[in-house]
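Participant: Going down the list, the sequences are from chains A and B. When you number the first sequence by this note's numbering, it's gap-free, plus one each residue, and the end is 64. When you number the second sequence by this note's numbering, it's gap-free, plus one each residue, and the end is 128.
These are computed hints drawn from the structure, not numbers from a lab. Note that the structure is a prediction, hence the values are computed from the model and not measured. Possibly wrong hints are sitting among the right ones.
[Unchecked claim] Here are the computed distance ranges between Cβ atoms for each label pair:
| # | chain 1 | residue 1 | chain 2 | residue 2 | range |
| --- | --- | --- | --- | --- | --- |
| 1 | B | Ala78 | A | Ser26 | 47 to 53 Å |
| 2 | B | Ile124 | A | Met46 | 52 to 58 Å |
| 3 | A | Val22 | B | Leu54 | 35 to 41 Å |
| 4 | B | Asp2 | A | Asn53 | 17 to 23 Å |
| 5 | A | Arg21 | B | Val53 | 53 to 59 Å |
The beta-carbon is built from N, C-alpha and C at its ideal position, and this holds for glycine as well.
Below, each chain spelled out in residue letters.
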Amino acid sequence: MDVDLIFKIAAIGIVIAVLNRVLNQSGREEMAMMTTLAGVVVVLMMVISLISNLFNSVRTMFHL
Amino acid sequence: MDIMKIVMVGIIAALLAVVLKEEKPEMAFAISIVTGLVIFVFVITKLNSVMMVLKHFAAKANIDVLYFSTILKVIAIAYITEFGAQICRDAGEGAIASKVEFAGKVLIMVIAIPILAALMDIMIKIIP
């Protein structure tokens, strides 16, 4: 059980939220948007690798 | 105790998701997906021994391998479909979730057709 990934995603989310707030305050909405997008893509990559891991384990378990 | 671990992971992940929901709803969603996946993978590895016993029984009872593997496939499809549909419903996309469930039902029916055909053959043989 790799719980680290949950904490990693939570940390990324908090950092992105803080960055977003700071960039919005300093009047750089486009940079804030970019950081949000980058964070979402990074998290999505982690989630996709985990989903493929799940599918592989199900496939080996049920001999599909 | 494994259940303690799982409950702790669930509580911590719920806390993190609630913290993040205010600022970044998409990150909270990702946390809920990852938590579900982690627990799912952890539990499904425990199923291995049960599968061994079931296979042993099936071999003892002379059940055709085709039928047993069909049942296993149906169970796997049901698990995965339920998982995906729950995630979609969690994200507020009820329509996509019901489509995923529909696809799962159709695929289970397609897999189960050979068994239905075998049943039909037996019935036709019995009824002169």
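Participant: Hint says 17 to 23 Å; check whether the CB-CB distance for B:Asp2 and A:Asn53 agrees.
Facilitator: About 19 Å separates the Cβ atoms of B:Asp2 and A:Asn53, which means 17 to 23 Å holds.
Participant: Please test the hint of 52 to 58 Å on the beta carbon pair from B:Ile124 and A:Met46.
Facilitator: With a Cβ separation near 54 Å, B:Ile124 and A:Met46 satisfy 52 to 58 Å, so the hint holds.
Participant: Are A:Arg21 and B:Val53 spaced within 53 to 59 Å by their CB atoms?
Facilitator: holds, 55 Å
Participant: Does the Cβ pair A:Val22, B:Leu54 satisfy 35 to 41 Å?
Facilitator: violated, 56 Å
Participant: Given the range 47 to 53 Å, decide if the beta-carbon distance of B:Ala78 to A:Ser26 lies inside it.
Facilitator: Taking Cβ atoms as reference, B:Ala78 and A:Ser26 lie about 51 Å apart, which means the hint holds.
Violated hint for the displayed structure: number 3, the only one.
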